[in-house]
Amino acid sequence: MGTRDKTLNHSIAGPFYRQHAGAFLFLFFILFGIQPSFNDALRTHYAFINGILTSLNFFLVAFSCWMLYAIKTIIFFKSCLQKESYDFLYDLNAIPQGKRFMLLVKLIAVLLAPLSCYALFIIGVAINEHRVLNGIGIVSTVFILHLLTTIVVYYFIKNAKALQQVTGTVLSFALPKNLFGFVLKFVFYRQFITLLIVKIISFSCLYFFVRTEASVFEERMLWLLFLTMVIGHSVMVFRNFHFLEEELSFYRNLPIRSFSILLSLLAVYTILLLPETWALRALLVNLDKASEYLWMILTGPFLLLLLHSLLYTEDMKMEEFLKLLFGVWVVFVFFSLSRNHWLLPAIGFVFSPVIFLMSYNKYEKNMDVEGLG
Amino acid sequence: MLQLTGIHKSFGSHHVFSFDQLRLENGVYWLKGANGSGKSTLIKLVAGLLPFKGEILLNEEISIRQQPVAYRLLVNHSAAEPIYPSFLTGDELASFVCSVKNGTIQQVEEIKSLLGITSYLSNPTGSYSSGMLKKLSLLCAFIGQPSWILLDEPFTTLDHASQSALCKLIREKTGQGISFIITSHHDIETSDIPFTKIFTLEDGQLHETIDR
Chain A
1 MGTRDKTLNH
11 SIAGPFYRQH
21 AGAFLFLFFI
31 LFGIQPSFND
41 ALRTHYAFIN
51 GILTSLNFFL
61 VAFSCWMLYA
71 IKTIIFFKSC
81 LQKESYDFLY
91 DLNAIPQGKR
101 FMLLVKLIAV
111 LLAPLSCYAL
121 FIIGVAINEH
131 RVLNGIGIVS
141 TVFILHLLTT
151 IVVYYFIKNA
161 KALQQVTGTV
171 LSFALPKNLF
181 GFVLKFVFYR
191 QFITLLIVKI
201 ISFSCLYFFV
211 RTEASVFEER
221 MLWLLFLTMV
231 IGHSVMVFRN
241 FHFLEEELSF
251 YRNLPIRSFS
261 ILLSLLAVYT
271 ILLLPETWAL
281 RALLVNLDKA
291 SEYLWMILTG
301 PFLLLLLHSL
311 LYTEDMKMEE
321 FLKLLFGVWV
331 VFVFFSLSRN
341 HWLLPAIGFV
351 FSPVIFLMSY
361 NKYEKNMDVE
371 GLG
Chain B
1 MLQLTGIHKS
11 FGSHHVFSFD
21 QLRLENGVYW
31 LKGANGSGKS
41 TLIKLVAGLL
51 PFKGEILLNE
61 EISIRQQPVA
71 YRLLVNHSAA
81 EPIYPSFLTG
91 DELASFVCSV
101 KNGTIQQVEE
111 IKSLLGITSY
121 LSNPTGSYSS
131 GMLKKLSLLC
141 AFIGQPSWIL
151 LDEPFTTLDH
161 ASQSALCKLI
171 REKTGQGISF
181 IITSHHDIET
191 SDIPFTKIFT
201 LEDGQLHETI
211 DR
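Chains as they are written, first to last, in this note's numbering: chain A, 1 to 373; chain B, 1 to 212.
These aren't lab readings, by the way, just hints derived from the structure by calculation. Worth double-checking, as some hints may not be accurate.
Within a straight-line C-alpha distance of at most 30 Å, the following computed BS3-like cross-link-like pairs (lysine-lysine) qualify [as the list claims (entries may be wrong)]:
| # | chain 1 | residue 1 | chain 2 | residue 2 |
| --- | --- | --- | --- | --- |
| 1 | B | K32 | B | K112 |
| 2 | B | K173 | A | K317 |
| 3 | A | K177 | B | K53 |
| 4 | A | K365 | B | K53 |
| 5 | A | K177 | B | K112 |
| 6 | A | K362 | B | K32 |
| 7 | B | K112 | A | K362 |
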């Protein structure tokens, strides 16, 4: 691997996977973790791939997910180029076009590696099912997606400096000019693709699960799924936290009560989980489980608020946050096994303010000693 | 009056500064120091942006720890290198600061006019130059009814006309009883800001350089 490849991988691919480690873990859990055994997971995916190979509709659903992922990588690449610290990428324009393109092909291959891996599985299943032509068609689609992503990224590199000029338009809908409005705008404006992916997965999983026939409906499984889906939002919680403490850090000089900050965050997370609140309403309508519904819709925002509050306890990187996340998930799953499901929102309700109020004023970003002004 | 007692600040094992007592009567103070001496850190600490050991009292009764809201209502800050969310407009940010600092639209318009801030505030801050960001930060620092305004390198990135306008604004606000702590690498001794005292931050200690 050449120096240029290494530089690109270290500066783009590494941060991409680190920044999205939580999302990958969440997706991995959804795709492989909720089945009772590894063999069941394999069987499920075999059936998925078979569906992709035989049904156009199934293929279109899968293709939409792959395209969302490709768009996500493009947006990440673009956001890197918009930072002045990535100005060195602009120097790539100095090397011949062919070499530049090949460098980007390799980088995109690393970024889209999860797609390529799935494409390999598709080939395997296609051979096994004697649907080689369909398999080639689908793999070609993945290849074209690679190519298109590379072309877009190539174009960005070519216009790298222009990307640092005037940024996109401001959202047209009006939000309050306060912390609540700013964080919500940050979620919709800067995390739109993440929001879309998390919402599609979370909403569809809960919506369909809760419509299981009453005779076979398993409440504990729904809690497990619900808690996992809520924890899946933690990527956004992590980013919201860093948005507040880095880009909006001047708010710490403003006379805002800690309790108001906490309420603003609770309001943001309540709005963020509105689709889940709607998806779960069958609990109320079809299954007549009003109390379960109430505990669930209360648990969601308080759990996210608890995660946000925990981020103030020390300056955590994503890896450390993931460990913490796992711990919180285990605790909540443990309590969901009890009959007293009111305990789950109660934990969030009690511990979020306590942790927030104890750690908010002590929080400080770890910084390099050099350059202290 | 601003009173700093038992102040100690360090980042991990790196000691930045410490001093037992600093009493600043109302006035205009110039805080000098080499790069990395901790000027911005001290300013941020007084602004309530960073945690520290010790206590800061405003007018002998308002504690930064016990009455954080009342304290922040009276102490404004402008950063050396302001950072704002690139998708928010200057107007949105100024409006937010105005609402929490009890400022008025008329006051905002007056300061905008004095600092020579034109219509660009309706654009997202991502499109601003460093000078424009600095002016926005200064605008926010003058909003409300503060007792103290902390200006970290206020003249950096400003053009000559804006520097003069800022000096004029500082003089005007001093006349209204507002106190200032200003850090600057630039030699602002020659400017006509009526400094009460000049302090130098060196080797983690605060030295009074001159009493004017």
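Against the structure, the hints:
Distance hint between K32/B and K112/B is fulfilled; the C-alpha atoms sit about 28 Å from each other, no more than 30 Å. Our distance criterion of 30 Å between C-alpha atoms is broken by K173/B and K317/A, whose separation comes to about 43 Å. With a CA separation close to 33 Å, the supplied pair K177/A and K53/B exceeds the 30 Å bound. With a CA separation close to 16 Å, the supplied pair K365/A and K53/B stays within the 30 Å bound.
Taking the CA atoms of K177/A and K112/B, the gap is about 19 Å. The hint holds against a cut of 30 Å. With a C-alpha separation of about 27 Å, the suggested pairing of K362/A with K32/B holds against the 30 Å cut-off. Of the supplied pair hints, the one linking K112/B and K362/A is violated, its CA atoms being roughly 35 Å apart against a limit of 30 Å.
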